[in-house]
Amino acid sequence: MIRQFLSGKFLAFLITGGIAALVNLASRIVYDVWTSFSTAVVLAYLTGMVTAFVLARLFVFRETRQSLRLSAGWFVLVNFVAILQTWGLSMFLAFVVFPWLGIERFAREAAHAIGVVVPVFTSYLGHKYYSFR
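Position 64 (the sequence shown) corresponds to 64 in the UniProt record's numbering; numbering is contiguous.
Certain hints may be false.
As the list claims (entries may be wrong) - Have a look at the derived ranges for each label pair, beta carbon to beta carbon:
| hint | residue 1 | residue 2 | range |
| --- | --- | --- | --- |
| 1 | SER67 | ARG105 | 40 to 50 Å |
| 2 | GLN85 | ARG62 | 22 to 32 Å |
| 3 | TRP87 | TRP34 | 17 to 27 Å |
| 4 | ALA110 | GLY73 | 18 to 28 Å |
| 5 | VAL118 | ILE29 | 16 to 26 Å |
| 6 | MET1 | TRP34 | 40 to 50 Å |
It should be emphasised that the hints constitute simulated quantities derived from the structure, not laboratory data.
For glycine and all other residues, C-beta sits at the position ideal for the given N, C-alpha and C.
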């Protein structure tokens with residue numbers, strides 16, 4: 001299992017996922033202007049997810065033989081699990097942990113960034129074995 005995370009494919013996944021995460025984080029700041037933090041996190045995740053799908057299909061899982069439609073369906077399902085992880089952890093850190101620790105400056109940004117990073121490993125496995133098999 002650990003060998004999967006020491007591969008070139010996983011490195012490519014991290015790079016493309018990092019780009020998608022930056023899109024996610026930047027778009028959350030933009031969405032935050034018009035919506036609540038909670039809604040902005042979800043909208044940003046969806047924006048990052050579209051970016052991640054395109055980059056993963058083009059640069060990480062190029063050898064997939066699945067149809068675009070089937071890959072997209074599995075991609076959405078895997079990311080639905082990941083968005084629950086991202087949203088739940090972001091809310092817990094921003095509204096419970098950081099206030100308890102007295103952290104106010106950039107608390108939402110830090111909470112969201114941590115929330116985005118957590119599902120990297122579960123998402124990689126889900127995409128490798130389902131979205132782009």
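Query raised in the report: Which of the numbered hints above does this structure break?
Result: 4
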